[in-house]
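Each chain is listed here by its residues.
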Amino acid sequence: MNKPSWKRPHPHIRTSLFVGAIFVVALVSAAPARSASSPDWLTAAARQPVPASVPKDAVAVVLYSEQQTTAKPNGDVETRYREAYKILRPGGKDYGTVSIYFSKITPLSYLKAWSIPADGKVYEVKDHDSAETQLAGGEFYDDLKVKVLEIPAADPGNIIGYEYVQKGRPYIFQDVWDFQERIPVLRAVYTLQIPDGWKYASHWSNYNQVEPQSSGSNQLTWQVTDVPAVTIEDDMPPWRAVAGRFDVKYFSPENTPQAQQGGSWHDLGLWYSGLSASRRDVTPEISAEVASLTAQAKTPLEKIEAITSYMQRHIRYVAIEIGIGGFQPHAAADVFKNQYGDCKDKATLLSAMLKAAGFDSYYAVAQVDRGIVQPEFASVVSFNHMILAIHLPSDVPTQNLYAVIDDPKLGKLLFFDPTDTYTPVGYLPDYEQSNYVLLVAPDGGQLVHLPVLPPSTNRLMRVGQFTIDPSGGITGNVKEVRWGGPAVQSRAQFLDVEPKDREKVIDQFLGTFLDNFQLQGASIGNLTNFDEPFTEDYRFSAPNYAKEAGDLIILRPHVLGEKSSAVLSGAERKYPVEYDEATLQTDEFDFTLPVGYTVDELPPPVKTDCGYISYSSKTTLDGNVLRYTRTYQVNDVMIPVPKFKELRATFDAIAADERAAVVLKHSS
Amino acid sequence: MRLTNFLSLFSGFCVISLVLAFPAGTPAADEWQPINPADLALKDNPASPGSHAMILYRREHTDSEQSFVTEYYRIKIFTEEGKSQADVEVPFIKGRDHVEDIRARTIRPDGSIVPFAGQVFEKEIVKAGGIKVLEKTFTLPDVQPGCIIEYMYKLQKDSDYYWDVSWSVQQDLFTRDADFSIHAAGLSSSSYSLYFRSVNVGQPVNLQKQKNGEYTLALHNIPGMTDEDYMVPKDMLRGRVEFIFKPDSLSHLSKDAYWKQMDKTINQSVDDYINKKNALQQIVAATTTASDSPETKLRKLYARVQLIRNLSYEDRTTQEWKRQKIQQNNNVEDVLKRNYGDNREINDVFIGLARAAGFEANQVLLAPRDEHFFYPDFQDVSELNDDIVCVKLDGRDLFLDPAAKFYPFGLLPWNETGVTGLRINREGGDFVQVVLPRSSDSVTERHATLHLGEDGSLSGTLEVDYTGVRASSTRQEERADDEAGRKKDITDEIKRWLPSSAKFDVTKISGWEDSSVPLVISGTLTIPSYAASAGHRLLLPLTPFIAPEPRSFQSPTRVNNVYFAVPYQQRDDVSITLPASYQLESLPQNIPNVPEGAIRYTMLPTKQGNILQVKRTLDVEDSIYPASLYGSIRHVFSLVKTGDDEQAVLEAATSAHQN
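Going line by line, the protein sequences match chains A and B. Numbering-wise (my numbering), the first sequence opens with residue 407 and increments by one. Numbering-wise (my numbering), the second sequence opens with residue 349 and increments by one.
Honestly, I wouldn't trust all of these hints.
As the list claims (entries may be wrong) - Using 30 Å as the maximum straight-line C-alpha spacing, the simulated DSSO-like pairs for lysine-lysine come out as follows: (1) Lys-532(A) with Lys-480(B); (2) Lys-843(B) with Lys-910(A); (3) Lys-462(A) with Lys-856(B); (4) Lys-510(A) with Lys-462(A); (5) Lys-685(B) with Lys-753(B); (6) Lys-471(B) with Lys-532(A); (7) Lys-527(A) with Lys-685(B); (8) Lys-851(B) with Lys-462(A); (9) Lys-608(B) with Lys-625(B); (10) Lys-510(A) with Lys-475(B).
In case anyone wonders, no lab produced these hints; they're calculated from the structure.
Let's have the full structure, built from the sequences with the hints guiding it.
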């Protein structure tokens, strides 16, 4: 049996765990409890009263936040961070757990934290009191680490603070000052000290620009005060995309890589082009594989599809990022040999394979959240992903390729994400639509806005035929056909589970809408044939679906699927509503009435359109067949705040329609 | 501490005593196994079709003499998704363990071999308090469906390792063949015997003694772990074989003798700890009166003990404890004088007070069933890491846990119920069954007084009463939060029972501190468009509450037993005043009630004037239901969903009049 040495004590050993821990620590440290004092900056921050304007539900408030960056002529950079919080409610205790990220190129040279309880006796904790882990990045292996420090007495009424310093020579000379938080910030200060001759450029996002104060030679300070908290709303963009942020890049004009990083999108492209030079070289092995893959391809597009499909399904996503490896891809030859890589690696191998097949392509550096990349400010740290732009020969038909743009200089470019396992060539994953990429060409970069794919490309068509028995049960078949986003979602659902459990996915879906049902059979089509629409056919019976009421049968004709959204029921809205993608979805359900029954009442047709979302439905009777049809269309992915009330009214109408019922009456 | 572990003994269902001083052996896991062409051609797992991957073969060898383990895995990949098996992580503790001799390779479907020549990374899982847990990570190359991957490594541990041996027999993947072996020679003393036990392996575990003294075990067709809702925590279910080295001085002990010996040691410890008669009697005298009935006395002492600050509930850093000058309590007098203690210390104070008041009171050690189960046959006292108190009252055994904050007299936290415990006493101890609470000991009552608008909207008041375990556990979960935080948590919880468009605002919560009364939440409820229109009719759902359970039992099949933490009841009383412009046309007939059985459900709508009254009950009477009964459970909850979704039909009054 496992009996690790930290196992809980035997029942008759009386030393309790925490008391034991105290003595262990006391023995190990062999030092008296530290009688600490807080640093001046924290003491000063602690004196600051919390203004009445701070909302009563705030769990804590940032009294003071400071970030000081000092760059030296040799490229060394030291950044000092200071944070002071007042805990206002028990929920604010979490702010006493501090996570600090660092790596070999940004090592920590100083870390301390303090707590000032009501009695004024200061606690102090240091670096060696922290726990450390390398599981912060979520990659298979990278050199990012995090220190976690538990600050004592992070209780309501108390002040906590911490300070740390990172020193190193970074690859990227840029800071992101995230001064707006989920709690109010009373004062935040950013200071930049750069060597003589260096330049800087800055940008404010989601906040009015603040002019810097000069606080010394080449030293500038920006300050914001009374910054409200970002409040979380349903279906809002990622909160960091709407929070106030200050980006600043600094560079020596004489240092080419720095100057390129600090320059325009064009310059950034040059920098990345240099960094990734020779990574896409074609080897004989790659050429041989391409020849094999494309042997049966009759057209250029078929060749491209053969290669992109191979890349999506055969090359495993494994991210190994060490040092500059966060930006620089592995060589295509290595990725091909290992048959694994991260997004940059997959784009690199894909580019090399396309080159072997005669197609040019360009890196497209991407960001998976909308609203982070600011077109006015060229910034390499705004990105976190990599896809590829494939140059299409002019004779390639593009009518079924929805991720194509016509670049005046580079020609027709087909954007493709080799990391996304389920989105086929011609489509774009939803998070890349209406988002920016940095297109990297040998002679420079440019920022490109990728389009929202039209609703008709993300299509769900559901058709059902049912018979109603006199006791209200229904039996029938449903066929679903999905293209684009809805197909991607279904494939992900079915492929993630083991094949033996796939029927459970359908069970789970039906169980969302039906009380008591039996799935009588199901099949899925084109599960891994990504270039074709995904199909689902299933047959079920639901004995209690329609309700008997005397000589009436009450039938809700909207049997399956939910388009309504109750999450938008709040009264006020501060941030836009964000959808994944534009989509067109239709339902068509036919019901054969039981013998002896006729329709007593039909729900009224519904037609509503707020511009961003349109919806219509109707229920009709044709002989003894009742037909319910509806169309739901989302036209855009970002719905501005002023449209919120109309959007809500649309969803109210949809919700009412989804609950509406047909009344059948026995004709006797 | 180590001595404590030595004393943790096993016998289990199958106990094998091994002769010590086996000849030293080396593992045979240094060569790849030959590849069976049939395995390369395999397209699916014939024993469990439809898998992403399966373990074709696994070998684990444990050498307790030299303190190492060797592992060998051969895994067949069937699907793209199964390729994730190629990412391998081997955790170890730096300074104590070393991972050595990592070898790996990929065998393509055509039989060609790609040896692993990549980098093995060392990843820091956690470094804290002088302990560094790392993992060796590597990923195999060129892995595609149809491939076989295999890898092996040696985990060299420190010399104490032979006290810490187990085989995790069941993996997440199905295992076709597995060989396990243990070499247990060369202990520093010759006075130990090796014992093992098997837990949840699901097939006979017959260790075979080999000529070289090793013990081997061959297993086949071991199912992978299956995740399901309402199941016992996965780690408690995982099939495993565990070993213990038992001193020969104790190995002759029968199960009864073992527990008697444990009882004797622990009883002495308890007696020593509470041996402060004067201090205890003073408290008894100050707390009770001679005229109190025995039960009243006990209740008063229970209430007195619950006033002691329970440090087990406080989440403090070491520095804070030191600052507060928290000291170790050496006896009950210390606890009373300082007015703080941990769970066990507080319960021991209660034992002392009860005894001082003339009651027979004893410690009961048990295994909390949210962590692990207790198997008395296994003779492992360390499993009993929780305690309650048994008091004899009017000839009955009464189980109490006064250290459990917010639990009133007579009520235990759910994880201390439905388990077997060891009652510590001077007679050598005995096993007692701490019964499950009845479902009526954990009740949620919902009283809704609502008005239906002509537009189908519903509004009114909702009062939710938690009683028993339900109330106590809520109080305990929310103990650290403030009023606003509690209000938010409770609101979020209640909103989960309601349609997503519902708005619920808490107006008052009472009973947070007083565990003798229900925890009562009052608030206002609005549900826009609650009733659906059907021409001149309105379809009115009988209850606004949505039961979460049925969604977890959609699947027609089930592998694991169904596990509810605690039996419980829901009692709903919903009254809906109908709008004057509508009248009730029909109430649903034949609502599928389940009046009998281990899970009961009733739904009774009636009309009184223009008020629709709905009474609903759900009574889950047990905690564990065998998987063999799953069909019945699924059926009952499908009836619950059917009943809950029933609707009344209202007809517009004018229309009805015309009819």
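Quick rundown of the hints versus the structure:
no.: 1; hint: Lys-532(A) with Lys-480(B); in the structure: 18 Å, holds
no.: 2; hint: Lys-843(B) with Lys-910(A); in the structure: 27 Å, holds
no.: 3; hint: Lys-462(A) with Lys-856(B); in the structure: 18 Å, holds
no.: 4; hint: Lys-510(A) with Lys-462(A); in the structure: 42 Å, violated
no.: 5; hint: Lys-685(B) with Lys-753(B); in the structure: 20 Å, holds
no.: 6; hint: Lys-471(B) with Lys-532(A); in the structure: 23 Å, holds
no.: 7; hint: Lys-527(A) with Lys-685(B); in the structure: 26 Å, holds
no.: 8; hint: Lys-851(B) with Lys-462(A); in the structure: 21 Å, holds
no.: 9; hint: Lys-608(B) with Lys-625(B); in the structure: 26 Å, holds
no.: 10; hint: Lys-510(A) with Lys-475(B); in the structure: 16 Å, holds
Of the hints listed earlier, the one the structure fails to meet is number 4.
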